[in-house]
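Heads up: the sequence lines are chains D and C, in that order.
My numbering numbers the first residue of the first sequence as 1 and each following residue consecutively.
My numbering numbers the first residue of the second sequence as 1 and each following residue consecutively.
Hints were generated in silico from the structure; no laboratory data involved.
Small disclaimer: the values here were computed from a predicted structure and weren't measured.
Please note: incorrect hints may appear among the correct ones.
[As the list claims (entries may be wrong)] Here are the simulated lysine to aspartate or glutamate pairs, EDC-like style, with alpha carbons at most 16 Å apart:
#, chain 1, residue 1, chain 2, residue 2
1, D, Lys411, C, Asp8
2, C, Lys12, D, Glu188
3, C, Lys69, D, Asp8
4, C, Lys137, C, Asp107
5, C, Lys12, D, Asp187
6, D, Lys12, C, Asp422
7, D, Lys411, C, Glu11
8, C, Lys12, D, Asp422
9, D, Lys12, C, Glu378
10, C, Lys411, D, Asp8
11, C, Lys411, D, Glu11
12, D, Lys69, C, Asp8
13, D, Lys546, D, Asp481
For reference, the chains in residue letters:
There are 2 protein chains.
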Amino acid sequence: MRNTLYTDGLEKCAANYAPLTPLGFLERSASVYPQHIAVIDGVVQKTWREVEQRCRRAASAFAQHGIGKNDTVAILAPNSLAMYESHFAVPMAGAVLNAINTRLDADSVAFILRHGEAKALLVDRELAELARAALVKIKPTSIELVIDIETDGAPPPKPATAPLGNLTYADFLAAGDPQFAWQPPADEWDAISLNYTSGTTGDPKGVVYHHRGAYLNALSNLVGWQMPHHPVYLWTLPMFHCNGWCFPWSLAAVAGTSVCLRQVTAASIYQAIAAHRVTHFCGAPIIMNMLINATQQEQREFSQQVDMMTAAAPPPAAVLSAMAAKGFRVTHVYGLTETYGPAVICAWHAQWDQLSRAEKAEKNARQGVRYHALEGLEVHNPETMQAVKRDGLEMGETMFRGNIVMKGYLKNPRTTARAFADGWFHSGDLGVLHSDNYLQLKDRSKDVIISGGENISSIEVEDCLYRHPQVSEAAVVAKPDEKWGETPCAFVQPTPNSTLTEAELIVYCREHLAHFKAPSKVVFGELPKTSTGKVQKFKLREVAKKLAV
Amino acid sequence: MRNTLYTDGLEKCAANYAPLTPLGFLERSASVYPQHIAVIDGVVQKTWREVEQRCRRAASAFAQHGIGKNDTVAILAPNSLAMYESHFAVPMAGAVLNAINTRLDADSVAFILRHGEAKALLVDRELAELARAALVKIKPTSIELVIDIETDGAPPPKPATAPLGNLTYADFLAAGDPQFAWQPPADEWDAISLNYTSGTTGDPKGVVYHHRGAYLNALSNLVGWQMPHHPVYLWTLPMFHCNGWCFPWSLAAVAGTSVCLRQVTAASIYQAIAAHRVTHFCGAPIIMNMLINATQQEQREFSQQVDMMTAAAPPPAAVLSAMAAKGFRVTHVYGLTETYGPAVICAWHAQWDQLSRAEKAEKNARQGVRYHALEGLEVHNPETMQAVKRDGLEMGETMFRGNIVMKGYLKNPRTTARAFADGWFHSGDLGVLHSDNYLQLKDRSKDVIISGGENISSIEVEDCLYRHPQVSEAAVVAKPDEKWGETPCAFVQPTPNSTLTEAELIVYCREHLAHFKAPSKVVFGELPKTSTGKVQKFKLREVAKKLAV
């Protein structure tokens, strides 16, 4: 009897259970704040009611074209109105959004379109030539529908291109029904999007997100970052990157305003911040360098507090101080494509406000603690699955578990199973846990330099380099070495007008690091980066390999 | 092939799926902010680490006593440390928390203990006599364990009582393991708590909440009310009321500080606000009257903005203005025990700041729009289930659907099925929808007055009465009438030193209402209220019935 007290007659039904989905946030903001501006894209502004009706139109138009449940809809577009809308319209049709990195080459785009079995492709006119080049590589193709996105007031593509698709986005919407009764997913585990990793080696992997995770990380962004209602959010982070870290859905929940940027430059960022009173934005560390090093002419005055969320590399002290002086408050997060973007946050403590500039940076350089929607974050010895000591020293592999870990890799059950071995997602990132339970990354597994049998964290060496006042950016990789196996090789972009020499910098590192950790070689120049601002260490490794010969 | 693209090899596993539960919020705050104060209860202060360890101890001690999955643990306590902890400790043991209204009589408490099949009962020493009187009524009993809560520094009970239980809460905790490896629920649909409605007629009904709903409404409180990290929350709202509207769990998510109040008086509220720099509190409208009418001696100066969330009756304009003048910002919410407390919020529009005092109050008097975690809010004709026109006029029954609608009524499948008919929870509250989609309640179904075949909303008449400057509180019920069937009968508590007469007030209402809606009778005096501050209209109806004879 007892064990049925809380089960019998207490089943799920339509009144008390609904699959979690971020799509309902759009309907809520359209209903509660219909006149509030949802998206600003150049000269175009749309209210929440307009965006919702356009999304209903698009969802109904997809249905008219036979695109529905579990069909892939790909999009090649900059941060724009259509890109924002596709985060709702595509899953409202039951389909799965595949936003493709616009900086890939045609081969990679072709691979993704083929592997993801896209049935439809939306292409911004700016990217028509890339799409055209990719499409010719995949005949016969699963793609039945190609839509040209022509944005009012957007600059014409250079060089001018002929239409690529069957119809324009405007015509596509015009044929749709603004009252379309879209259905929420039957199951919150249903896929909502597909995001390919930028994998530096091998083919990119297709990471599948579900409605449940998208809903939960959208809320987690709000709670973790203390976002108020009606933030004005500047899109410097590409939406094709982990669905803009789930912020398209967060913004719908709090009726924020998305300000789209086609050209991410210091001038355009400052201009948007001042003109639209931007309160929040996310971006790679490179954005901070752009803002700090902007010329007087590029900068604009603004009076509001602007919150920036950054990931990929711990912000150096000098950068954080310079950002604070300009009115930006920086929050450091960490995550992977496999974790819906940010899943770890360097949660700030009020007491830290009293620390020195350097101490503050040291706190904020750590990746931090689990996001609210992430149930588990641990650093394990990957062999034994034992948790490391919380001593800031013992290194292990950073692992995640919970509702904002991906559904899995598309058509890749073996790699999925390997990534999820022992009930944890294995990130491949090496880190330590400090005594206060804050995670600090030490390296990617493959980036560790092994010199004379000692592990050297490339991040530790980079941190040292960053502290030198004449270093603007730095990356360290292994250089093959006959005697030591490997030694650290530094690639450094100096500050403008720097007089720094290789010898000076090596001496500087020896003064601040264990001798064997100091670089044996320094190469000055610009660092190669991925479309998302990550340094492409595999390219540096090739250079280092040649230097060793 | 196609329909398995996003399903095959993409199943749930321990790495990517965890049942939703608010219990993880406690673990997170204890890990991230171990030294932050979680609870202040008189002279006692506990940090998040301490509260977590005490909860682990309690959960392990419950297990030692054989109390586990789906066992009911009842508690009779004021807002206090033990009451707060029980919201975590009991479900950490797999058990279900039944916080009992402390203002009930012994018969009602006995009914609840018997109906809920409680296996354990925690009793604050203040409430020992009530518990003793209830326990003697239920022999034989399912209760195997009675724990006396003796709070350090709490005033001794009046009159002094002998210990009631097998052991004290302190001894119970002492026997527990502070490292106890509690398990999250196997299923997020598992029950977390049991809350009895205060049902004015018939036996109270046992409303069952699940972990999923508690988690989602905890987040919804934060997002809807824009709560920052580390709020200082004053407990005037009893935690036995809908689990304190889920705020015990919200506060754990953002590492807030709970300030417990044993005596809810104007002086104690002001004192706590000033001493602890309270930022947020919830409470019935009566609390606003207490704060506004407090003597100079009872009031304290404070400089912070204090947010108050109130429910149960729309705040009148004069009250809102007076609250604003004192530094309180009032948010109006609406919900039922069946909806985890607040499920509807009068979401504010920035433009409304420009309105006149009366217009602002008119906006804020409406119940509003759905909470983020509520998927559906509608006003239906309960016969046809047709949605009413959004014209602010057509009345219908307010209905809810979604994840913060209860699991159901305990051991009452027939009433549950009736409440959930047609896929909606039928609230019994009558309302209209305005053209901006905001809900406004017009009455409880049973409170409508039917006079000469016309429906009169008792709330409409009360609103009119409240606008009279000499009316402090007002309630209107039906009085049987030979000619008209029913007529409105008003019960009014006048302001101090009022000279208002019955005739004057009736004339006033006739000037501002349709003639037939004006009360035919006015009774002056204090209004009878439930423990949660709701006017007990059934008592007024009895008085009105006698007046009619």
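Please flag the earlier hints that this structure goes against, numbers listed from lowest up.
Number 9 - this is the single hint that the structure violates.
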